[in-house]
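Asks: Chain by chain, the residues run as shown.
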Amino acid sequence: MTNLDPRLQKIGLGLLAPVLALVLAFLITSLVLVLAGDPVGEVWSTLLGVPAERNVANILNNATVLYLSGLAVAVGFRMNLFNIGVDGQYRVAAFVAAVVAGEAWLPGAANTVLAILAAMLAGAAWAGIAGVLRAKRGVSEVISTIMLNFIATGLVAYFLRRVAVREEGSNDIGTKEIPEGSRIPGFQIGEGSTTEVYGFIFLAALAGFTYWFLLNRTRFGFDLRATGKSTTAAVASGISVTRMTIVAMLLSGAVAGLVGLPLLFGDSYSYGSTFQSGLGFAGIAIALLGRNHPIGIAIGALLFAYLDEQSNPLQILVGVSPDIVAITQGVIVLTVVISYEVVRRYGVRLEQHAVARALEAGRPTAGDKEEEARA
Amino acid sequence: MSDVAPAVRLRGIGKRFPGVIANDDINIDVARGTIHAIVGENGAGKSTLMKILYGVQAPDSGTIDIAGTQVSLGSPADAIKHGVGMVFQHFQLADNFTVLENVVLGAEKLHGIGSAAREEIVRISDAYGLGVEPDQLVEDLGVGARQRVEILKVLYRGAKVIILDEPTAVLVPQEVDELFGNLRELKAEGLSVIFISHKLDEVLSIADEITVIRRGTTVATVDPAGTTSRELAELMVGSELPSPSTEASTVTERVTLHVADLGLPGENRPLLEAVSFDIHAGEVLGIAGVEGNGQAELVEAIMGMRPGATGTVRLAGQDLTELSTRKRREAGIGYIPEDRHRHGLLLDAPLWENRVLGHQTRKPWVRRGLIDRGASRTDTQRIVEDYDVRTPGVDTLARALSGGNQQKLIVGREMSGDPILLIAAHPTRGVDVGAQAAIWGHIKEARRQGLAVLLISADLDELIGLSDRIEVILRGRLVGSFDPGQVTPEQLGSAMTGAGGAA
Chain A
1 MTNLDPRLQK IGLGLLAPVL ALVLAFLITS LVLVLAGDPV GEVWSTLLGV PAERNVANIL
61 NNATVLYLSG LAVAVGFRMN LFNIGVDGQY RVAAFVAAVV AGEAWLPGAA NTVLAILAAM
121 LAGAAWAGIA GVLRAKRGVS EVISTIMLNF IATGLVAYFL RRVAVREEGS NDIGTKEIPE
181 GSRIPGFQIG EGSTTEVYGF IFLAALAGFT YWFLLNRTRF GFDLRATGKS TTAAVASGIS
241 VTRMTIVAML LSGAVAGLVG LPLLFGDSYS YGSTFQSGLG FAGIAIALLG RNHPIGIAIG
301 ALLFAYLDEQ SNPLQILVGV SPDIVAITQG VIVLTVVISY EVVRRYGVRL EQHAVARALE
361 AGRPTAGDKE EEARA
Chain B
1001 MSDVAPAVRL RGIGKRFPGV IANDDINIDV ARGTIHAIVG ENGAGKSTLM KILYGVQAPD
1061 SGTIDIAGTQ VSLGSPADAI KHGVGMVFQH FQLADNFTVL ENVVLGAEKL HGIGSAAREE
1121 IVRISDAYGL GVEPDQLVED LGVGARQRVE ILKVLYRGAK VIILDEPTAV LVPQEVDELF
1181 GNLRELKAEG LSVIFISHKL DEVLSIADEI TVIRRGTTVA TVDPAGTTSR ELAELMVGSE
1241 LPSPSTEAST VTERVTLHVA DLGLPGENRP LLEAVSFDIH AGEVLGIAGV EGNGQAELVE
1301 AIMGMRPGAT GTVRLAGQDL TELSTRKRRE AGIGYIPEDR HRHGLLLDAP LWENRVLGHQ
1361 TRKPWVRRGL IDRGASRTDT QRIVEDYDVR TPGVDTLARA LSGGNQQKLI VGREMSGDPI
1421 LLIAAHPTRG VDVGAQAAIW GHIKEARRQG LAVLLISADL DELIGLSDRI EVILRGRLVG
1481 SFDPGQVTPE QLGSAMTGAG GAA
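Those sequence lines, one after another, are chains A and B. Mapping of the first sequence onto our numbering: residues 1 to 375, in sequence order. Mapping of the second sequence onto our numbering: residues 1001 to 1503, in sequence order.
So that you can see chain A by itself, here it is in the shape it has in the complex:
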């Protein structure tokens, strides 16, 4: 009866929401610019220009990190767990990985693999604390992960002092440098750029695929999503919610453990006091924007990375603070939540229409079936 294939319709609705959110966010940002008396047109033409090759590499690198962060948050979201603690988890994990890789107990690539596994374990363990508290004691994971972020900061700073080596001619301290053979080589895109794209980007893509496969194709993923949609129905269907809560947090933490690694293995080669922080919070926005879908998160990560990169010359070229992009990104988070709800309701209405139509059409035959049932 419907003109559209319901699955096509679903994809269409899925795209409508983020587009609506972005348009709305751009409008609100423009409004802010107008109110501040800044040149709206020039800001957008700078921001939305075509990036240079050098910038493309930066965007891809930044997006790789943001993607992993978004993925980590999304694992929790799928089970209705709000993992605010990705920030702490990735810093603990990156520190552990830096120590392991720096010590180089194993040669070459084996050392890399060991360090990556150690990072995932460390991230999982750190998130697992919140998971166990939630599952066994009902402590809100929002509160516990925020607290764990603070503890992570202190803990890493403390241990960094214990293992650190001072870089020559600098006040920065850091872990031992990862030996060359254990670094993950990057690659160049185009001729004119000296910035390499992190080799870790492929591992990030692999993580995205694994996420998709695990959640959408396996029984475990089904159980996880079912628990996220309705805890009570999950319990009645035989899922142990306690176990799923802990496992989901462990998984989320394991992915969070990867967030700092592209930087570690492709750029800084050690964990120091200047290691980039705050990546976990961007992940929340990106997971929301990407609707917890691996492709959606990738687009969200690219968009955020693109806006960040394009905002750099704003101060020089048009005299506007690059922080305007932070406003845009913040507004996107709000508009995304609103537009998804609007589109979701619209979708439910469409479905109800379809059901009503099917009902109308089904009346005569359905009546016959009732006769049979009675007989």
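Read the hints as simulated data drawn from the structure, not as lab findings. Note that the Cβ used here is the ideal one computed from N, Cα and C, for glycine as well. Hints are supplied without guarantee of correctness; some may be wrong.
Lysine to aspartate or glutamate pairs mimicking DMTMM-like chemistry, simulated, CA-CA at most 20 Å apart [to be verified]: (1) Lys1199(B) - Glu1231(B); (2) Lys1199(B) - Asp1165(B); (3) Lys10(A) - Asp1348(B); (4) Lys229(A) - Asp1165(B); (5) Lys229(A) - Asp1395(B); (6) Lys1051(B) - Asp1024(B); (7) Lys10(A) - Asp1395(B); (8) Lys1081(B) - Glu1108(B).
A few chain A residues that face chain B, going by a derived Cβ cut-off under 7 Å, partial list only [what the hints assert, rightly or not]: (9) Ser230; (10) Ala233; (11) Val355.
Keeping the supplied structure of chain A fixed, place chain B upon it in accordance with the hints.
Replies: Same frame as chain A, now just chain B:
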């Protein structure tokens, strides 16, 4: 003039929602000093109509006259101003407040909150024989008394027309009689009562006039004196009607479910205590009881969803006591939960995913830990066809289906897992008459196939019609066993309230 004009006159009321016409050309006259019943199957449009009359929703077309004057009701406050009050099915009382506090809440301007209000409450209570004590705590009151407080609340606000939405759904037969006594008092004082129900015998005994709604429109207004409940039901459904009633016994000697000394500790008193029973293959055991006496806990204890439960549960000889819910399901339990939205479905998931729910470990839709979407889709399609689930397809979200169709999907799913025990908790609650007949048919079919069936229901006719044996549960204990061939709803009602025992 005002003696001639009806208390309420609805003409040509229409209301559309996206995709459905909830009301279409509704015409009703409610005469002063009468009880006017409105009957119709679930989804016929009764609630929409009442929301329109109570000002919750505005009609798209038509007029409302109250006592001869055309009015426009934009909010419940408007409705109250025009003397229309409503008693909802789910009470809106604060448990930790007294009756007085509950009554004056939101109506403080009428008689204050002190002695004037208390006097007014006593006056109304006496005038209509409600027997309400202003200083009692609501949490100490029974269901019937709470309902009388709700009625008093409406009267206190000056209502001349009182709408009662399914008032008897929560009452046992004795309380229903009391309520009807109160309603007759109201009528005698010149008030008008609009009584919404789908329990036709009750409607026939209390109403002065009955209006039947079918598919959103008024199909007939009849005089109860010249109408049988069967005729009424046929007007409601528009076709001839099924009834429960069991065929020849299929009960075997084989014990399928053995429950011994089941207990569940609660805060003040045990939620379940020393519950023991057997269900044989091919037997339907009905559990009767006033809601909240341990039915839900009994089901969840058998399903393994209550960690603190003690006692033994055996299914066909296999000891389930230590097993998880999933293992119990795998052992052969099909489960139609009491609250399908909370326990039976993932509302925002497509039907085929709901097909997998509860059967995540079964082939062929799950193999080696992977979900086989194709197999699940195919099997969902089979259920949709065999169980007459009305849906555009298996990718539709469960939320979009009507209650009856959701329930048919659940029944189909639970019957498809090769169960040897079917637990059906309120299987026909909130579903339309057509789906009800179909679900009854499926339960009878399950019994014929030799399943043991545990049936929990608040609908005593359903229990009597389907069960081979009825146990009454009261405060977590089984207090009496009845033969459905002999027992009347009144006898069951007595046992349910603890008023009378039975062997």
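Asks: Given the hint that Lys229(A) pairs with Asp1165(B), does the C-alpha gap stay at or below 20 Å?
Replies: 32 Å, violated
Asks: What's the verdict on Lys1199(B) and Asp1165(B), does the C-alpha distance respect the 20 Å limit or exceed it?
Replies: 12 Å, holds
Asks: Is the Cα-Cα distance between Lys1081(B) and Glu1108(B) 20 Å or less?
Replies: 15 Å, holds
Asks: Against chain B, is Ser230(A) within 7 Å by beta-carbon distance?
Replies: Ser230(A) check passes; min Cβ-Cβ to chain B is 6 Å, inside 7 Å.
Asks: Can the restraint linking Lys229(A) and Asp1395(B) be considered satisfied, given a maximum Cα separation of 20 Å?
Replies: 17 Å, holds
Asks: Minimum Cβ distance from Ala233(A) to chain B below 7 Å?
Replies: 6 Å, holds
Asks: Verify the proposed pairing of Lys10(A) with Asp1395(B), using a straight-line Cα cut of 20 Å.
Replies: 10 Å, holds
Asks: Going straight from one Cα to the other, do Lys1199(B) and Glu1231(B) come out at no more than 20 Å?
Replies: Status holds; Cα separation ~13 Å.
Asks: Does the closest beta carbon of chain B sit nearer than 7 Å to the beta carbon of Val355(A)?
Replies: 5 Å, holds
Asks: Lys1051(B) and Asp1024(B): Cα distance at most 20 Å?
Replies: It holds: about 14 Å lies between the C-alpha atoms, which stays within 20 Å.
Asks: Would you check the hint for Lys10(A) and Asp1348(B), treating anything up to 20 Å between C-alpha atoms as holding?
Replies: 13 Å, holds
The structure fails hint 4 only (numbered hints given earlier).
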